[in-house]
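One letter stands for each residue in the lines below.
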Amino acid sequence: MQTKHYQKLYMVPYFLWIIVFVVAPLLLVLYYSFFDVEGHFTFTNYQKFFTPVYLKMTFSSFWYAFLITLIALIIAYPVAYLLTKTKHKQLWLLLIIVPSWVNLLLKAYAFIGIFGQYGLANGLLGLVGIAPKQILFTDFSFVFVAVYIFIPFMILPIFNALNELNDTYIDAAKDLGASKWTTFRRVIFPLTIGGVKSGCQIVFIPALSLFMLTRLIAGSRVITLGTAIEQHFLVTQDWGMGSTIAVFLIIAMFIIMAFTADRKRGA
Amino acid sequence: MIHFTGFTLDWYRELFHDTRLLIIVLNTLIIALLSSIIATIIGVFGALGIYTLRKRQTKNAFLSLNNVLIVSPDVIIGASFLILFTMLGLKLGFYSVLLSHIAFSIPIVVLLVLPKLSEMKPSLIDAARDLGANNWNVLAKVVFPYITPGIFAGFFMALTYSLDDFAVTFFVTGNGFSTLSVEIYSLARRGISLNINALSTVLFVVTIVLVGIYYLITRRTNMKGVGVRK
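In order, the protein sequences belong to chains H and V. All you need for the numbering used here is the position in the first sequence, starting with 1, plus 54. All you need for the numbering used here is the position in the second sequence, starting with 1, plus 6.
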């Protein structure tokens with residue numbers, strides 16, 4: 055018995071980590087959401103969250119996250135499909151993944167240059183004869199850059215799903231007289247829905263909580279849940295309200311995860 | 007800055023003469039190395055612990071707790087750690103950043119080591135025990151060599167996560183201490199300046215080299231893995 059206890063001793067740091075850095079922070083966020091700026095116990099934060107100001111912000115945050123996820127999916131699916139058909143799959147895949155290894159800040163910074171008043175984008179517009187436009191600090195640039203950043207995370211799971219797809223199913227569908235579109239709709243897409251779901255999950259949750267891009271690229275025109283939390287914590291120092299928004303973001307996260315969970319195991 | 011007139015290395019010269027920036031680069035590297043080494047040690051033992059758990063339910067409970075920090079948005083991690091450190095009375099700076107980097111790297115290491123452990127045949131351990139190995143011998147001579155690729159993958163992942171992190175660091179960094187991501191953010195808010203471009207290029211090259219090393223390691227170990235299976 056004693057040796058058994060001794061054996062488990064090496065798990066102590068990991069246990070401590072779970073308690074201090076996983077359980078405690080979540081409980082603390084919940085705890086703080088019941089306090090106002092002066093430190094009184096109150097429910098006003100939750101009441102405030104359901105006022106039009108915060109609901110509108112929540113709604114717009116979800117709308118942008120939805121747009122980003124949808125556009126990323128529309129681009130990523132065909133790309134992943136074409137990737138499975140190329141000769142050097144792994145090399146192409148690596149090339150697509152490389153940008154995701156580059157520091158996020160650098161990518162955002164690069165786009166400040168590209169979209170700026172004298173940047174590449176306006177230069178190209180100038181060649182076609184269109185006068186320089188304000189591209190940076192618009193919601194268009196925000197969605198564009200966000201999609202650019204998240205696309206590798208969407209392509210990867212879809213690529214894996216498509217890659218595992220057994221070609222004989224497609225042959226079978228063809229033999230049974232299905233058109234290309236029918237094959238896609240009835241065979242390929244349903245079989246790769248797992249990849250699509252996990253891709254959407256990986257993109258949607260961070261898209262809800264982006265806060266650096268909203269300032270650098272969208273010039274604070276777009277306010278996401280993440281921006282609101284950051285503002286409350288670091289600018290206005292209203293930790294209670296920030297925690298309340300964080301609680302709702304965590305709830306949203308669990309709902310999304312439940313929606314996009316793979317139901318294969320249950321069935 | 008707007009009109010291109012010619013090539014120059016001035017911005018690189020300026021970059022390498024900027025001691026403040028060099029200190030920040032050094033900080034970033036120290037944080038990344040220290041945090042990934044410590045996270046790898048704790049994570050490997052954590053993975054071993056989860057692996058040896060008997061009950062399926064406890065195992066799943068541990069795995070879910072393990073994954074909380076991976077799926078949580080950075081903002082939540084940052085904000086909750088900020089509350090935590092303030093509650094504990096820890097001064098924001100080097101140690102708070104180091105602790106949070108260790109904290110968010112541990113689950114990644116666990117996730118990369120666990121598959122290697124479950125891939126290992128239990129008969130290997132039984133054989134070692136039959137041959138008279140004690141616990142430590144089993145661990146050092148059988149288990150560790152087997153899961154080394156997983157450990158390396160975990161370490162490299164932790165390293166890149168730490169080098170890349172902006173959001174969590176931004177919350178817990180306080181006033182005096184800064185890492186590269188946070189510094190680039192505050193510079194970029196002021197607009198384009200060409201020494202950031204030079205810095206970006208340097209960082210980009212470093213990233214590509216790291217990716218190359220990671221790719222080579224995984225490719226080599228994959229080949230080894232195939233060899234073992236034969």
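In short, the hints are calculated from the structure, not lab data. Among the clues, some could well be false.
[As the list claims (entries may be wrong)] Computed from the model, here is a short list of chain H residues facing chain V with C-beta under 8 angstroms:
| hint | residue |
| --- | --- |
| 1 | Tyr-68 |
| 2 | Leu-82 |
| 3 | Val-156 |
| 4 | Trp-293 |
| 5 | Phe-302 |
| 6 | Ile-305 |
| 7 | Ile-309 |
| 8 | Met-311 |
| 9 | Phe-313 |
| 10 | Ala-315 |
[Claimed, not checked] Far from chain H, some chain V residues (derived; all Cβ distances over 10 angstroms):
| hint | residue |
| --- | --- |
| 11 | Leu-21 |
| 12 | Leu-40 |
| 13 | Val-74 |
| 14 | Ala-85 |
| 15 | Lys-97 |
| 16 | Tyr-101 |
| 17 | Lys-127 |
| 18 | Ala-133 |
| 19 | Pro-155 |
| 20 | Leu-169 |
| 21 | Asp-170 |
| 22 | Phe-183 |
| 23 | Asn-203 |
| 24 | Ile-223 |
Note that the coordinates shown come from a computational prediction; the quantities given were computed from them, not determined experimentally. All C-beta atoms in this analysis are idealised placements derived from N, C-alpha and C, irrespective of residue type, glycine included.
Now for the hints, and whether the structure bears them out:
Given hint, Tyr-68/H at the interface with chain V, holds; its Cβ is 3 angstroms from that chain's nearest Cβ, closer than 8 angstroms. Nearest Cβ of chain V to the Cβ of Leu-82/H: about 5 angstroms, under the 8 angstroms cut. The hint holds. Because the closest C-beta pair between Val-156/H and chain V is about 5 angstroms apart, less than 8 angstroms, the hint holds. Below 8 angstroms, beta-carbon pairs count as interface contacts, and Trp-293/H has one with chain V at about 7 angstroms; its hint therefore holds.
The beta carbon of Phe-302/H comes no nearer than 11 angstroms to any beta carbon in chain V, farther than 8 angstroms, and the hint placing it at the interface is violated. For Ile-305/H, the interface hint is violated, since its Cβ never comes within 8 angstroms of a Cβ in chain V; the closest pair sits about 11 angstroms apart. For Ile-309/H, the interface hint is violated, the least distance from its beta-carbon to any beta-carbon of chain V being 13 angstroms, above 8 angstroms. Hint on Met-311/H holds. Least Cβ distance to chain V is approximately 7 angstroms, under the 8 angstroms limit.
With its C-beta approaching chain V no nearer than about 14 angstroms, Phe-313/H sits outside the 8 angstroms limit, and its interface hint is violated. At its closest, the beta carbon of Ala-315/H sits 12 angstroms from a beta carbon of chain V; the interface hint therefore is violated under the 8 angstroms criterion. Chain H leaves Leu-21/V outside its interface by the beta-carbon criterion, the shortest separation being 14 angstroms against a cut-off of 10 angstroms. Leu-40/V, annotated as away from the interface, keeps every beta carbon of chain H farther than 10 angstroms; the closest lies near 15 angstroms.
Distance check for Val-74/V against chain H: the nearest CB is about 5 angstroms away, which does not clear 10 angstroms, and the non-interface claim fails. Here Ala-85/V does not stay apart from chain H, with its beta-carbon only about 5 angstroms from theirs, under the 10 angstroms limit. No Cβ of chain H approaches the Cβ of Lys-97/V within 10 angstroms, the least distance being about 17 angstroms, so the stated non-interface status holds. At roughly 14 angstroms from the closest C-beta of chain H, the C-beta of Tyr-101/V stays outside 10 angstroms, upholding its exclusion from the interface.
Listed as a non-interface residue, Lys-127/V keeps its Cβ farther than 10 angstroms from every Cβ of chain H; the least gap is roughly 21 angstroms. No beta-carbon of chain H is positioned within 10 angstroms of the beta-carbon of Ala-133/V; the least distance is around 19 angstroms. No Cβ of chain H approaches the Cβ of Pro-155/V within 10 angstroms, the least distance being about 18 angstroms, so the stated non-interface status holds. Annotated as non-interface, Leu-169/V brings its C-beta within 10 angstroms of a C-beta of chain H; the closest such distance is 7 angstroms.
Taking the minimum C-beta to C-beta distance to chain H, about 6 angstroms, the non-interface status of Asp-170/V is violated against the 10 angstroms cut. Against chain H, the non-interface label of Phe-183/V holds: every CB pair exceeds 10 angstroms, the least being about 15 angstroms. Its beta-carbon lying about 8 angstroms from the closest one in chain H, Asn-203/V breaks the requirement of being farther than 10 angstroms from that chain. With a closest Cβ-Cβ approach of about 14 angstroms to chain H, Ile-223/V is found to remain outside the 10 angstroms limit, as its non-interface label requires.
When each numbered hint is compared with the structure, violations occur for hints 5, 6, 7, 9, 10, 13, 14, 20, 21, 23.
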